[in-house]
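Undergrad: Chain residues, written in single-letter form:
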Amino acid sequence: MATSAEQKQSVMGLEIEEKAQRDRSRAQIRKWIGNILTWLMYVAIVVVFAGPLIWVIGNSFRSSQTIWENVFPVNYLTFLPFDEFFFDNYIEALGLTPEAQGLGFNLGRSLMISLGAAVSVVTLSLIFNTGAAYFFARLKVPRKNILLVYVIATMMIPQQVVIVPLFLVVNQLGLINTFWAMVVPWYASPFIVFALIGFFAELPYELDEAAILDGANLFQVLTRVIVPNAIPGLITVSILEFQFIWNEFFWPLVAVSNKSLQPVQVAIANQFTDRDPQWGRVFAAMVLASAPIVILFIFTQRYFYRSVALSGVKG
Amino acid sequence: MATTTSNIPRVGRQRWWQKYRNQYILVGFLFVLPALINFAVFRYYPMAWAVNTSLWRYSLLRGFQEFVGIDHYIRAFTADTQFISSMKATLYYVLGKVPLTIILGLALASFANQERRGMGLMRALIFIPVVTSFVVVSIVWGMVLNRDVGLMNATLQGLGLPRMEFLTSPTNVMPTIIGISLWKDVGYSVIILVAGMRGIAQEFYDAAVVDGANAWQRFRYVTVPMLRRHLMFVSVISTLGAFQVFVPVYQLAPQQRNAQVIVYYIYQKGFIFGEMGYASALSVILLLILLFLSIFQIRVLRSEDV
Numbered sequence: 009m010a011t012s013a014e015q016k017q018s019v020m021g022l023e024i025e026e027k028a029q030r031d032r033s034r035a036q037i038r039k040w041i042g043n044i045l046t047w048l049m050y051v052a053i054v055v056v057f058a059g060p061l062i063w064v065i066g067n068s069f070r071s072s073q074t075i076w077e078n079v080f081p082v083n084y085l086t087f088l089p090f091d092e093f094f095f096d097n098y099i100e101a102l103g104l105t106p107e108a109q110g111l112g113f114n115l116g117r118s119l120m121i122s123l124g125a126a127v128s129v130v131t132l133s134l135i136f137n138t139g140a141a142y143f144f145a146r147l148k149v150p151r152k153n154i155l156l157v158y159v160i161a162t163m164m165i166p167q168q169v170v171i172v173p174l175f176l177v178v179n180q181l182g183l184i185n186t187f188w189a190m191v192v193p194w195y196a197s198p199f200i201v202f203a204l205i206g207f208f209a210e211l212p213y214e215l216d217e218a219a220i221l222d223g224a225n226l227f228q229v230l231t232r233v234i235v236p237n238a239i240p241g242l243i244t245v246s247i248l249e250f251q252f253i254w255n256e257f258f259w260p261l262v263a264v265s266n267k268s269l270q271p272v273q274v275a276i277a278n279q280f281t282d283r284d285p286q287w288g289r290v291f292a293a294m295v296l297a298s299a300p301i302v303i304l305f306i307f308t309q310r311y312f313y314r315s316v317a318l319s320g321v322k323g
Numbered sequence: 015m016a017t018t019t020s021n022i023p024r025v026g027r028q029r030w031w032q033k034y035r036n037q038y039i040l041v042g043f044l045f046v047l048p049a050l051i052n053f054a055v056f057r058y059y060p061m062a063w064a065v066n067t068s069l070w071r072y073s074l075l076r077g078f079q080e081f082v083g084i085d086h087y088i089r090a091f092t093a094d095t096q097f098i099s100s101m102k103a104t105l106y107y108v109l110g111k112v113p114l115t116i117i118l119g120l121a122l123a124s125f126a127n128q129e130r131r132g133m134g135l136m137r138a139l140i141f142i143p144v145v146t147s148f149v150v151v152s153i154v155w156g157m158v159l160n161r162d163v164g165l166m167n168a169t170l171q172g173l174g175l176p177r178m179e180f181l182t183s184p185t186n187v188m189p190t191i192i193g194i195s196l197w198k199d200v201g202y203s204v205i206i207l208v209a210g211m212r213g214i215a216q217e218f219y220d221a222a223v224v225d226g227a228n229a230w231q232r233f234r235y236v237t238v239p240m241l242r243r244h245l246m247f248v249s250v251i252s253t254l255g256a257f258q259v260f261v262p263v264y265q266l267a268p269q270q271r272n273a274q275v276i277v278y279y280i281y282q283k284g285f286i287f288g289e290m291g292y293a294s295a296l297s298v299i300l301l302l303i304l305l306f307l308s309i310f311q312i313r314v315l316r317s318e319d320v
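Going line by line, the protein sequences match chains A and B. Each residue of the first sequence is one higher than the last, beginning at 9 in the numbering used here. Each residue of the second sequence is one higher than the last, beginning at 15 in the numbering used here.
Any given hint could turn out to be false.
Stated by the list, open to error - Covered, in the sense of this in silico footprint (three residues per stretch, anywhere, with C-beta under 8 Å from a C-beta of chain B), are these stretches of chain A:
no., segment
1, 44 to 52
2, 59 to 67
3, 109 to 116
Unchecked claim - Quick list of the computed label-pair ranges, beta carbon to beta carbon:
no., chain 1, residue 1, chain 2, residue 2, range
4, B, Phe310, A, Ile41, 38 to 46 Å
5, B, Ala229, A, Ile243, 51 to 59 Å
6, B, Arg161, A, Phe95, 27 to 35 Å
Said to hold, decoys possible - Reference listing, derived: stretches of chain A covered by chain B, where coverage requires no fewer than 3 residues with Cβ under 8 Å from a Cβ of chain B:
no., segment
7, 32 to 40
8, 138 to 145
9, 232 to 244
10, 292 to 302
Think of the hints as simulated: they come from the structure by calculation, not from any bench. Where is the CB? At the ideal position from N, CA and C, for every residue including glycine.
Start from the sequences and build out the full structure, keeping to the hints where you can.
TA: What follows is the structure, encoded as C-alpha cells:
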C-alpha cells in the first residue's frame, strides 16, 4: 500500500515537473516569437522610414544617369553609390561652378539666409517671449489674467489662414521682399510664451523673493534667477522656434519673391524639384536643406521630443 | 537701493510693496508689451483686416476698389464650383489622414514604448520626417513615386506587382498625398502617445493581468481609455493641421483638380490671380471652421478632467 502511495506521489511529482517544463518551453517559444516579431517591426520601420533617406543620401553622390541605371533591380546598389563617388552635385547645387551660377543656383546663400533668419528669430524670441512669460508667471500684477486670455486666444488664429492679410500688413510696413519679412512677424509667439509660463511657474517663488531682498530689480531677477534656472525650457523653445523658421515655406514664398533673398526651402522648391531631370543635383540639394536640422535633432533628441507637446499647430 | 533693502524687515513687505506698486506694475508691463504688440499687429490686426477686405473688391495693385458686402461669401457658396470642390478635397484629406494618424500612431507608439535595445533608434527614425521640411519630404516622395524611374515602382516590379501611377492619376493622387503626409507627421503623434503611455501606472496593467486580461484586452481596456486626453489632443491637432495642408499639393499636384485643397485655392486666388478680396473671404470661411474646431477642442478637453 505504502509503495503505491509513493508511486502515486512520484507520478504526481513527475506530472508537475512536466507541466512546469511545458510551461517553460511555451514561454520560451512565446519569447522567441516576440523577438522575431520585434525584429520584423525593426526591419519594417527601417525600410519605410530610413529607406527613402538612405536612397537620397546615397544617390546624391551619383550622376543622374547612374541613379536611373541602378534603380532597378532594387538591391544594395540602388541605395549606396559603390560604383562612383561624384561630388559635382553638391558643387553645382551650391553654385560653385560658372554654369551652375548661370542657372542661378546658390544654395549656400539660401542656407545662410535661412540660418540668419532662424538665429534672429530665436534670439528675439528668447528676449521677448521670456519677458512676457516672466510677466505672466512671476509678477504680481492685478488682473493680468485678462492679458493672458488675449495671449491664449492668439493661439487659435491659424497662420496659414491669415497669410493673405499678414502679407498686406507686412507690405504696409514696407518689409515685403526684405530679410526682415522673415523675422519681424515671428519675434514673439503665443505658443512659446505659454510654454515658458509653464517652465517658469515650476520654480519656487522664494528664489525671486530672496533676490529682491538682496536688492535685485525686476530685470535682474529675470536674468540672474529665472533664466539660469530655466535653461532646459529655454533650449526646448529655442529648438522649436529654430525648426519652425528653418522649415517655414508658405510665408517666405509669398513674402520674399526676390531670388537673392529666398531662404533654402523656397529656393529648393523653385530650383530643385522632382521635375528637374538632374536628379543627382536635386538629391544633393535635399541633403543640404535638411542636414542642419536633422543633425541638430540627432544631437538634441530629448529637447525635440519635449518640444512636441508645446508646438500645437504651427502650419 | 541699500536703504530700501535695510528698510524691508522693519516696514514689512506689504508697505514696501504699496510704495513701489505703481512703478512695479509699470516696469512689469514693459516686459510683456513687445509680445502684446506683436500679437496685435501680426495676428489680430490681419484677422480683422481679412474680415474687412473680404467685403471689398481689393487687389494688391489697385487697393480697395468697391464695397461688395457679403457678395464674396455668396459667390463662394453658390457660384464657385472650384471652391466647393476644394472644400471636398480638403475634407477628403482630413477624413483620410486623421483616423490613419490615430490608428498608426497608436500602433507605432505601443511598439516604440517598449524598452528594448535599439528602440531609441527606431523612435528617432520615425521622428526624423517630422523635423524635415514638408518641401523636402514632398520632393523626395515625388521622386520615390516617379512613374518611370521611381524607387517605389522599381520595388513593386521587383516583387512582381504591377507598376502604379501615384501622382499622375486623378484617382490616386489624393490617397498618395495622404500617405506622404502620414509618413511625415505620424512621428509627432507617436511621441505624444509614448509620453502618455509612460504616464500610465504599472498597477493598472498588473491588476488587468490578475483579472486574466490578455495583451489586446490590456491595450483596449487600459491603455486606450487612459490615453483619452492624449488621443483627443492628437486628433484635434492633426485635424487643425490637416485643414491647412498646402505644401504637398503645391509641390506634387498643382495641376490636379482632385488635389486642390482650400489653402492652395486661397493661395492661387490671392497671389496668382490677385483677387485678394475674394481670397480674404475664403480665408475667413476657413478661419471660422478652424475657430469652431478649436473651441470644440477646448470644450472637450475641459469636460474630460480626469
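Undergrad: Are the hints correct? Go through all of them and say.
TA: We went through each hint and held it up to the structure:
1. 44 to 52: Our answer is that it holds, as 3 residues pass the Cβ test (under 8 Å) against chain B, meeting three.
2. 59 to 67: holds (count 5)
3. 109 to 116: It is violated, with 0 qualifying residues against the three required.
4. Phe310/B x Ile41/A: 38 to 46 Å: With Cβ atoms ~43 Å apart, the hint holds.
5. Ala229/B x Ile243/A: 51 to 59 Å: 38 Å, violated
6. Arg161/B x Phe95/A: 27 to 35 Å: 29 Å, holds
7. 32 to 40: violated (count 0)
8. 138 to 145: With 5 residues closer than 8 Å to chain B, the segment 138 to 145 of chain A meets the three-residue bar; holds.
9. 232 to 244: violated (count 0)
10. 292 to 302: Contact hint for the segment 292 to 302 of chain A vs chain B: holds, 5 residues under 8 Å.
Comparing the model with each numbered hint stated earlier shows that hints 3, 5, 7 and 9 do not hold.
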